[in-house]
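Colleague: These are the residues of each chain, in order.
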Amino acid sequence: MPTMNMIQALNSAMDVMMQRDDNVVVFGEDVGYFGGVFRVTAGLQKKYGQTRVFDTPIAEGGILGTAIGMGAYGLRPVVEVQFADYIYPAFDQLVSEAARLRYRSAGEFWAPLVVRTPCGGGIFGGQTHSQSPEGIFTHVCGLKTVMPSNPYDAKGLLIAAIEDDDPVVFFEPKRLYNGPFDGHHDRPLKAWSSHPTSDVPEGHYRIELGKASIVRPGNDVTVLCYGTMVHVCLAAAEEAGIDAEIIDLRTLLPVDVDTIEASVKRTGRCVIVHEATRTGGYGAELSAIVQEHCFWHLQAPIERVTGWDTPYPHALEWEYFPGPARVTAALKRAMEVA
Amino acid sequence: MPTMNMIQALNSAMDVMMQRDDNVVVFGEDVGYFGGVFRVTAGLQKKYGQTRVFDTPIAEGGILGTAIGMGAYGLRPVVEVQFADYIYPAFDQLVSEAARLRYRSAGEFWAPLVVRTPCGGGIFGGQTHSQSPEGIFTHVCGLKTVMPSNPYDAKGLLIAAIEDDDPVVFFEPKRLYNGPFDGHHDRPLKAWSSHPTSDVPEGHYRIELGKASIVRPGNDVTVLCYGTMVHVCLAAAEEAGIDAEIIDLRTLLPVDVDTIEASVKRTGRCVIVHEATRTGGYGAELSAIVQEHCFWHLQAPIERVTGWDTPYPHALEWEYFPGPARVTAALKRAMEVA
Amino acid sequence: MSKKMKKPESLRLHVPEPKSRPGHSSDFGEMHLSPAGAIPRPAADAAESKLRELPYGLIRVLDDAGQACGEWAPALPTETLLKGLRAMMLTRAFDERMMRAQRQGKTSFYMKCTGEEAVAVAQAMALHPDDMLFPSYRQQGLLIARDWPILDMMCQLYSNSADRLKGRQLPVMYSVREVGFFSISGNLGTQFPQAVGWAMASAIKNDTRIAASWIGDGTTAESDFHHAMTFATVYRAPVILNVVNNQWAISSFQGIAGGESATFAARAIGYGMPGLRVDGNDFLAVYAATQWAAERARTNHGPTMIELYTYRAAPHSTSDDPNAYRPSDEAAHWPLGDPILRLKQHLIASGIWSDEQHAALQKEVEDQVKVAGREAERIGTLGSANPDPSTLFEDVFKDLPVHLRRQRDEMLGA
Amino acid sequence: MSKKMKKPESLRLHVPEPKSRPGHSSDFGEMHLSPAGAIPRPAADAAESKLRELPYGLIRVLDDAGQACGEWAPALPTETLLKGLRAMMLTRAFDERMMRAQRQGKTSFYMKCTGEEAVAVAQAMALHPDDMLFPSYRQQGLLIARDWPILDMMCQLYSNSADRLKGRQLPVMYSVREVGFFSISGNLGTQFPQAVGWAMASAIKNDTRIAASWIGDGTTAESDFHHAMTFATVYRAPVILNVVNNQWAISSFQGIAGGESATFAARAIGYGMPGLRVDGNDFLAVYAATQWAAERARTNHGPTMIELYTYRAAPHSTSDDPNAYRPSDEAAHWPLGDPILRLKQHLIASGIWSDEQHAALQKEVEDQVKVAGREAERIGTLGSANPDPSTLFEDVFKDLPVHLRRQRDEMLGA
Ligand SMILES: Cc1ncc(C[n+]2csc(CCOP(=O)(O)OP(=O)(O)O)c2C)c(N)n1
Ligand SMILES: Cc1ncc(C[n+]2csc(CCOP(=O)(O)OP(=O)(O)O)c2C)c(N)n1
Ligand SMILES: [Mg+2]
Ligand SMILES: [Mg+2]
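Heads up: the protein sequence lines correspond to chains A, B, C and D, in order.
Quick note, the first sequence lines up with residues 1 to 338 if you use this note's numbering.
Quick note, the second sequence lines up with residues 1001 to 1338 if you use this note's numbering.
Quick note, the third sequence lines up with residues 2001 to 2414 if you use this note's numbering.
Quick note, the fourth sequence lines up with residues 3001 to 3414 if you use this note's numbering.
Hints in this document: simulated from the structure, not taken from any laboratory.
Keep in mind it's a predicted model, so treat the numbers as computed, not measured.
Just so you know, even glycine gets a beta-carbon here, dropped at the ideal spot from N, CA and C.
One or more of the hints may lead you astray.
One-sided excerpt, in silico: chain A residues whose CB lies under 7 Å from chain D [claimed, not checked]:
(1) D30
(2) P57
(3) I58
(4) G61
(5) F124
(6) G126
(7) T128
(8) S194
(9) T197
(10) D199
(11) W308
(12) T310
(13) P313
(14) A315
(15) L316
With a straight-line Cα cutoff of 27 Å, these simulated DSSO-like cross-link-like pairs (lysine-lysine) come out [stated by the list, open to error]:
(16) D:K3019 to A:K47
(17) C:K2083 to C:K2370
(18) D:K3050 to C:K2050
(19) B:K1332 to A:K265
(20) D:K3007 to C:K2083
(21) D:K3370 to D:K3083
(22) D:K3050 to C:K2019
(23) D:K3083 to D:K3363
(24) A:K265 to A:K211
(25) C:K2398 to A:K211
(26) C:K2205 to D:K3007
(27) A:K265 to B:K1265
(28) C:K2398 to C:K2205
(29) B:K1211 to B:K1265
(30) D:K3205 to D:K3398
(31) A:K332 to B:K1265
(32) A:K47 to C:K2205
In isolation and in its complexed conformation, chain A is listed as follows:
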């Protein structure tokens, strides 16, 4: 079994699917000859030809619009939006069209597409290369939303997303492309190769959408997180010496309520962590779900640790990023209450 980083795992998912299914096509800005600014589609054009892997004009709305038409024809487009910050020009096509097509046509037409897009900060990208807009999409009925935290999941989830007959917005935390990152930006970089999830099978496998993963079982407090924050939360639990149960949601919509509910009912405490801005973020929905399902079991207020409600600032990136110190503090607050 080869060792893959997240980029290679995602590339492998597309490779496997293009091999198995002629209808899978890949396109987006710079994804063709060059293989994408993060190299996630590298080699695919050479292998599958220009009519299945190609560059597009810089028009995210056009990418989505044409992808929907291709989906209606019977293809399975996997498109890249170069940064999640640039998905907004495609918003109408995603929300009013991709998400609504099956419903409004009562099942006559649908758009089985995947929008891959790098999200999150920690690379000094400033406010337009760092956003985590997943909370905007989880509010849109008809879209599925996914965010993996490691190479193994990334491949399995991307394959499941491509095989899914509904539109999926697939967020790739760019800070994780080349290695796990626990928020200690001042420590040496780690590579995926020494992480167990880099053992990625070459062939086809899927991780069912809608299923969370308990990445650290524990008894004291439930931590709900996804993407880069999974690694931050693992580090924080360790540093705080708290026996936290850390749940990597993986799919945000549909979310795995049963796993969340079972855990919080057991621990009685819950900390929610995401990198996106707080107000109206996906953490708010998680908080609402937890209090609706586990009200009588909660022993302490649910905590949210999130990005601040400001744009992602270039120089003060590490003041913005919800790192292990803030998560540790929240875990302690959650545990303080008797």
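With the hints as your guide, set chains B, C and D with the ligands onto chain A.
Modeller: Same frame as chain A, now just chains B, C and D with the ligands:
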């Protein structure tokens, strides 16, 4: 004091502001000669001329893009997006530009604009004339979000929004344009004229953004709502015979946390009601806020009564609309718990 | 530099205004109409650089006497012409009755295409039956020309239990996969790049089917127009992109969409795409232009944009009253006449039709509408035969996820 | 109909490819270059219908010998030419040093405009100082031509305590209200309709100032381009909309943006707007075209689009390595040469400049950059002199709302 319906009150707000401030300009699709498909801008072009009130091409992104440029020049554009369902093509300009301009230029440039847009269902408009997308905007830092529930507030809030130096998304519940509506769609229509809030002063007054209004003081349970749902909640409390404290939030961002907190701490119970889809909606944020601020005072789980997580269906509109029966049931559930 | 010497001029904002408003007499100004037959017909594989005059002319075939003139005149069998006439007449009769049905409260909303029937009908007929159509809300004629039962359309309008869209969509927002008619969106313009994507897919799969799409003059300002034009030219997609310039977008005349400074067809040459400008009320011209564009697309010569120059004789929709913004007799003064009357005149001039036959056909289509209408009403009108509420949660996703199952149960009180 | 007889052709997707890729020799194909002086200069108030050939030519003033030829040659005082030369040279020296600074870890990111200096510098100079500029990230020359201190620019690049943008923006995303330079956005194209809006506002207020904006060839595909073009023509906004066609958009050649089937300038005629296509490496041509468009705008004749035909000689940014997608010697083969060398040649040919003076000027601008660079580094480089963390919460809104105050307190541990 004349009696005004919501359309007249909104029209009066623009009229008053155009009179006072040369820099106020009004534009959008069909707003000029015709006065808007809901007649909200009727008469303004005639009064203030074609260069201050004018029709635009059908391009919501262009309307917002040019409005931002005008704002940077020094004007105060008040633009109409014909239905909230059609705001998505303008999403990038709103989110990446209007909301971010002041921050990214460290205060050198800003866009003091107001986007007026009719929202909500109950008029058999089907899925693209009924949406309530406020929850998408409350997650965007840098935008203020407002939704009035009656003529008096509508005028005062719109004047405050126009005078505000930050971009404001101003949602107008279209079902309330011509009369209050409590969700009893099978009963005779009511007009505003017999409602106290239709006593609207002709001149200038403002209702500060960020301040909620307690429309019905009560002791048993706090109801958080806005827009059309205010009237539905009033009816439901009456019908359930429950002494609910009903808070009309009016401004969703920034929200009046203090009023919410004081009320829930007193009642110990909370029901949140909105017409938008549930998952990731603004109600989730309200739920999170309430449990963070009032955890130790809560005697029952916070309830959310919302639109279902589906598009707004044409024929089954009343099955979709969160009417008094559903609110009543939630109030009872909240009260059941001892 | 001289500009520094002169006292600078004050800048002025130009706001386009139509030639006439209510209370004034109708005026279409100096409308430039090429005479019928005046525009040469280039080969369908001509280089775009040879086609740059086309957007500034107006392709017309039928002259004032109903004669077909010039190179664009298509040699159509009588059968085709009569089928076209019938489809246009049926479309108009259907519109009349459904407009009345809305006024009678049988449905919430309706939109007519009166005066524009030639666009959808002739274009549907000039395409192959398996070409894919991405319409706007004003091309009901496509369905009718493809012989789709009007009863089925009525059931959609009535959101009754036989509505194939389960009462979900606003009336007129049809979707008919069986005849290649794509689901209509309420959001203007979105179908334009989708049609391009469908056509690209057809090319990727080395299929032979092409796509066509329709938007209005007003909608050309939306970003989707630009995306469709760009992607179509870049990938030479086999698609026909139609702009139905019916002079109005609700209350805004076409100048507000940019029709004052250029024709809509001229947009095409900016991208290096042929742009045809066609008399949209001339069945033969519309047919011929569509055929030309289809041939071009089918032979891998890429996309064509067609501006169909016509007039929206009816209100925008049942929610609209055009007397508030345009002279009420404007439709009557439209210089390009009525598409049905013009084809009728041509058929009579050609000796294959008569006033009597026309009157009989008129009665026949009206009866057809009446019969279907009665049947539709028997099944149910809006609110009288609602779909099963539990269907409300279907088709959001292919399979019902847990949270929607729970909401459904909550609604059903389970 | 004949099409029914023939066996239908299989459709094919066309995907544009540049003439050459790494490993092959540079090839610009049959690039159509009008000779210098060949294109006539119409009056600035000429009707658009008389200008429809312009987008297909290339306005050039400087010939191969450095002589200014033809009607477009502007009569510029020596002082102006020398100021332009200096600004271009300073821009290039600045770029060189900041690129190195990024490599040395003094900042996170940088973008050069090498080879495109004439665009920003000549255009800034052809406009009035109070005209408003809405740039993309590759017009640092605008600031330099408007004499904005490069030290201030460096502090932005270093996000240090003297950064006027408080360390918030990615390097190169300047904002300088004092010299009418609008805040640069990371989202491509958004400034184009904003410039139109600003110009509309200027017209609404009967002001005399006009606006100008810049986007790249790749960015023309974005919806903002279409919105800007539409609104500008509809309201005849006093604005100049510039498309800097530097042949590349990161790794995509201009054919992917639609440059294969039409020039970008041709887009303009589709809207009824004049479109000039200009040798972007010819200082005099750029100056003249801009002056023409500005005169047109100032006299209420509306907007102009200018395509500046040039070549991105440098990598897209410090994150990019163009050797992965284009021949590494492509810049050297660019047929339109280097804008600095071409102006230098003209000045020498005109007898007002010499190699010695040029070398001295080169040293002077390098010294200027060095001095400013040292000062900027003294103030701080990325991470060494961060702004006060509490500033993170300022300017989201004009006033700090409660929830942000609470978050700030939480961050500061208060
Ligand atoms: C994105 C969007 N914006 C606005 C509307 C509201 N609207 C519906 S139809 C219409 C006018 C369209 O005019 P045109 O494109 O000329 O088509 P026509 O109605 O004349 O056939 C408008 C503004 C909409 N449906 N979608
Ligand atoms: C909306 C959006 N999409 C994508 C990007 C990523 N991106 C940054 S620069 C660039 C290429 C732009 O090319 P062009 O417009 O030709 O300008 P140039 O860099 O050549 O000056 C891309 C795709 C972005 N910044 N914004
Ligand atoms: Mg129209
Ligand atoms: Mg470029």
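Colleague: Which numbered conditions among the earlier hints are violated in the structure presented, ordered from lowest to highest?
Modeller: 8, 9, 10
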